[in-house]
Every structure is written in C-alpha cells, then in structure tokens.
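Protein chains: 2
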Amino acid sequence: MKLEELGEFGFIDRLSGRVRKGPGVVLGIGDDAAILAPAVEQVTLATADMLVEGVHFDLALSDPHTLGRKSLAVNLSDLAAMGAHPRHALLSLAIPPTLPVEFLDDFTRGFLSLAGEFNVTLVGGDTCASKGGLVISVTALGEQHPDMVVRRSTACSGDLVLVTGSLGDSSLGLELLMQGFRSGRAVERHLDPLPRVEAGIRLAEAGLATSMIDVSDGLLADLTHILDLSGVGARLDLARLPFSEECRHHASAAGRDPFALPLAGGEDYELLFTALPEREAEVRSALAACGVPVTVIGEITAVGGLSLTDPGGKPYHPERLGYNHFGAIRDA
Amino acid sequence: MKLEELGEFGFIDRLSGRVRKGPGVVLGIGDDAAILAPAVEQVTLATADMLVEGVHFDLALSDPHTLGRKSLAVNLSDLAAMGAHPRHALLSLAIPPTLPVEFLDDFTRGFLSLAGEFNVTLVGGDTCASKGGLVISVTALGEQHPDMVVRRSTACSGDLVLVTGSLGDSSLGLELLMQGFRSGRAVERHLDPLPRVEAGIRLAEAGLATSMIDVSDGLLADLTHILDLSGVGARLDLARLPFSEECRHHASAAGRDPFALPLAGGEDYELLFTALPEREAEVRSALAACGVPVTVIGEITAVGGLSLTDPGGKPYHPERLGYNHFGAIRDA
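Residue numbers (my numbering), protein chains in the order written: chain A, 462 to 793; chain B, 462 to 793.
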C-alpha cells in the first residue's frame, strides 16, 4: 500500500495505536500538543537531531527498522551525555509520497522498539510530504535533578579524560557497508547504535563526571567542544585509545593510520567525559555495574589546546578533526 | 558567503549570539541538550511542525524573514489552541549547501523576531546538509496549569461553536501569490500569520473554552477533529461565517462558491472553539480585551456528523473537507 492511499490521518492513527504511554504523559498523540507532567524538582533536558536521506543514511544500505531505532538512539545519546533519564520524544517525518506504507510501518516499529527499551513515550510530531528524500526530525525530552545534570563546560585541569566502549567501529562499519558488506559487528554498530543511557545516568547521579559529551562528530571534535567551553586543554595518549581488533586489522590491511577512524570517525555514540583522578575506581565500578567498559585516555591541562602522543611517545598530528556539515572536512 | 565557508559551527555560533534567554532557561544552545526549569504546578505542552520546500513554501514566493516567522508561528498556534504560554523552541534545518548564509541570517532573524514577540527562547535544534530543498522542523514547548489546558475532546452537546478572526484569507493569499501578486492583506496573512496566543490563554484561564483547536487544515477538517474526539456533531450556519470582503469579492469575480475557501482553505491559524451559550458575553469581552474578533458560527449537537445550512436556509454540501498530506484532497 502507498501512503497516499492510507492518508496522513490514517498513518497517525496506525502509529498512535502502537504507542505505550509511559510516566509523565497526561495526553499523548492526537491533540494540538502533548500534555506532559514534569516530575517534582527535576529540570527538563531537550535535544533535537535530524537525519536526512543521502546525507545521514542511504535507503539502499539501511533497513527501515534499524533506521527507526537509530533516529531515536542519536537523540537519547545526547540525553545520556547530560546524565538525564529519557522520557518523551516527538517524531517529524517528511516522506516521499511514493514510499510504501510497509517501510513506514517498519520504521515506526523500530523507533518504538528502542523507545520501549528506554521507557520513552512518543507523544507527538508531524508527518508531511517531501519533494526530495526522507527527512527524519526527532526531539527528545529527558529529566534529571538540576544538581546532577552534567555539562560540557565544567572540565578542570588535572581531571582524567575517559571514554566508554570503543571508538571507530561505526565509521568502519559505514566503509564496509559502502564496500558491499551487510553484516558484522562494525556494520551493526553503524546502523543500530545503542545510546549509553544507563552509564550516563550512573555517572551523573554519583557525581562522578565533571563534564560529559557523546561522541557523534568524532572523538577529537567532541573533546574540542569540552575544551573550548571549559577553557582548558588536554593531553591524549594514543596508546590507550580503545578500538577494536577489527578496526586495527582493517587499517593495517589498507596501509592506513590506525588512529584515523577512532579519533575522527564519528557516530560512535560513546560517552566522553572527565573525572577526578581520585575517583577513577568509583567510575570503573559504577560502569562495571552496567556492563560498560571504560578507558582513561588522557588528562585535562590548564594550558589550552589538544596535544596527542603516539605509542612511541612522539607528538602526533591528526589529519582531520571530525565531521562538519557544510564545511566538508574540518582540518586539524 | 556560502554556508560551506561559514561551516556548521560558525552558523550555530552566529545564531546563538542572537538569542535572548527568557524565563525557565537554565542552559540554552551549546551543550548536548538544553536545560529547562519547569514552573511549579505547570504541565508542559509539546508540539512539532515541519515545513518543507516545495510543499509548504516556495522560495520564489516567500522571503526568508517571514518564512522564519511562519515556521515558529504555526507551532505557537498549536500551543495557543491548548491555551498554553509559549516558552521554548527547538529549530532543526536541513539546508541545501549552496543556500547563501544571508538567507539563513534573514530566516533566523525572522524566527527570533516572532520568538521575541511571544517571549519564546530558542534553546536548541540541529543543522545539517540537505540533498533536496530546505526542510524546517520546529518543536515548541509551552506551559499552563493542568486544570486550564483546553483539549479537542471535551465539546458537549448544546455548546456554541465559535471562531476568532476571519477565514479563507490565507488560502486566497496563496492563490494570489501564485498569480503573481506579492502584497496585500490576504498575501500577508498567508506568509506571516500571527498565532492567537493571547486569545488562547485568555479563553483557557477564564475556563471559557470547552474545547479548542487551531484552524490549520481548514475549518471543516479541524472541526471534524473536535467532533470525532468529543463524540458529538455540529450544525453550522454559513450565513454567520466570518470571511473578508476580499474573499467574497474574489469568489464572486471567479464565479466560485464563496464558502469554499473559508470552509476548507486552511492555514488561517484562527482558534476554533466551543463554549457554553450562557458564557457567550464573557467570551466576547475576554477576546475584545485583546482585540480579537469572534463569531458564533453554529452549535454542537448530540447527534454525530456535521450539518451545514446555507444563507437561504437550505442544506449545504461542501465539495471538500480540507487539506491532507499524501491523500491529496479529502472528500466530504
């Protein structure tokens, strides 16, 4: 069935019939606006991300179900980086009129499956026709006690720089997809990233992270946001950089710098944060409790700028910092 | 200057430098998420609308400044229809990389000018490249006491049906634009609609509206939402329908049904609401206090469905109900 047969309101009815109402939702989809009841003594965290066909995704390379999941995941990753509990989402879609309803059904099922895993309620949005490709716009709302929220701007000289999980797999996955591969760990990490929601909340609520961001543009680009906003610098030790054997193997096979993807690849959706050195053990135990690996990769310095040391102890100069829309490649 | 020279982060810096921080904003643009402090004993109202080039607007027919205003206005109109005080907005843009930065500057100035008029703070969003035309996605957040919020689903048999302002001008304006006209009242109402924010708040806070919606898809389509959700019907008297002399004149000159645009044209962004007959005088005085005209156009009936009476007292059957994305024309 084509969307033009089902119609806008038919699609919204189908969608809203599948939504489970979570905490804080007084009224969900179906009125001019959703009615949400904020919890007592909590602030609201609000973030928005857009995914554009041909820019962020290629319908030939990603199935609708995982695309639906990823559309929400990238937003929940932003909430995780503030240490917030995700609560609500709004989903707006500009849809090519010939897109099959089955595609949209799978897409929304994927979106709602991730929403269910994180107890997020879809409370509103918009659907309209697109003259170009599919455009997905999501707003996510979360909550946290005001004293627990973690910002980018609060790193201090002497803090450790840490990162969860491993870096570079997502951009490797994209390369593999473009080479024709359709499965494997790296491909899955690119198509279906899992936001580090519980890790972010644990770090925030135990007061362990002194600053935090999610790795979406690439480690160096995202660390630069923390440094610029905090007015500090950092030293990173590339020997400690966590990246997969697969990542190392592919770089070696292609005769490429093994640090290029982990440093600048982007879309890892890991948490990059700073912490006091004397609390490192607490950080490790908090994250071990939710099964999330963590690695110290450097430290914050009073002197501005970013200095990188390669495994041989020599200064390392990256070719690029990360992804920047419109500016193509950001030079280091 | 092209956007690719300024870059994504340059654009965001320019934009955030122009934002004035209103009430309830702990942290605005610049982190993974905005931090918003909800007011005590208020619920949050959340709504989202998308505007797509070639579908909702044509860059040849609308200047960037008014397009920026309209992008926010259509969202504030949804908050007005709930009786909410608008507070915050998130703006996501998928931008053709060759679009001049001057266009985006004018667009955001327009957006922020309307935001300033309604004390709304732009707190976040996203900017990315588009492979097609410009896509604008806005989420607006508002507040109101939970007992004051007005829904679509609460109209009762015997209530009056009322509408603010006049209907049909916006769709007439679109027709005139397509015929080459670039100014005049109807054209302005189409390009730069003013949301009925104060009227919505007054009706809500005085407990005068028993149900409410904004007229975006067309009077009949939007009234149908109220009727369906409230489980009631309505009788409308077309002789009472408020529409401009210009609208009447154009229909007459074209030999067209004068009621077609006011009933189904859409994008009027007036408030359509119901009220108890014994409170009509209070409604009139509340709206007169903010300079908003109001007209009783019919009444709610226990029997479902919508019956229209023409000025001669005969049953009237509309050709179409209103605009529906994907479904093209919704038949009556």
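What the hints contain is simulated information worked out from the structure, not anything from laboratory work.
These figures come from a predicted structure and were not determined experimentally.
Hints are supplied without guarantee of correctness; some may be wrong.
As the list claims (entries may be wrong) - The following label-pair restraints were derived from C-beta to C-beta distances: (1) 502(A) with 463(B): 45 to 51 Å; (2) 766(A) with 644(B): 51 to 57 Å; (3) 641(B) with 500(A): 37 to 43 Å; (4) 750(B) with 614(A): 55 to 61 Å; (5) 484(B) with 606(A): 37 to 43 Å; (6) 463(B) with 619(A): 39 to 45 Å; (7) 780(A) with 641(B): 51 to 57 Å.
Even for Gly, the Cβ is constructed at its ideal location relative to N, Cα and C.
| If you check the beta carbons of residue 641(B) and residue 500(A), does the distance land in 37 to 43 Å? | Check failed, 54 Å falls outside 37 to 43 Å.
| said: Just to be sure I understand the hint, the distance between the Cβ atoms of residue 766(A) and residue 644(B) should be within 51 to 57 Å; is that true here? | reply: 54 Å, holds
| Range agreement (Cβ of residue 463(B) with Cβ of residue 502(A), hint 45 to 51 Å) | 47 Å, holds
| query | For the pair residue 780(A) and residue 641(B), does the Cβ-Cβ distance stay inside 51 to 57 Å? | reply | 53 Å, holds
| Measuring from beta carbon to beta carbon, are residue 484(B) and residue 606(A) in 37 to 43 Å? | About 20 Å separates the Cβ atoms of residue 484(B) and residue 606(A), which means 37 to 43 Å is violated.
| task | Using the Cβ atoms, figure out if residue 463(B) sits within 39 to 45 Å of residue 619(A). | result | About 42 Å separates the Cβ atoms of residue 463(B) and residue 619(A), which means 39 to 45 Å holds.
| Using the C-beta atoms of residue 750(B) and residue 614(A), is the stated range 55 to 61 Å upheld? | 44 Å, violated
Going down the numbered hints, you'll see the structure goes against 3, 4, 5, while the others check out.
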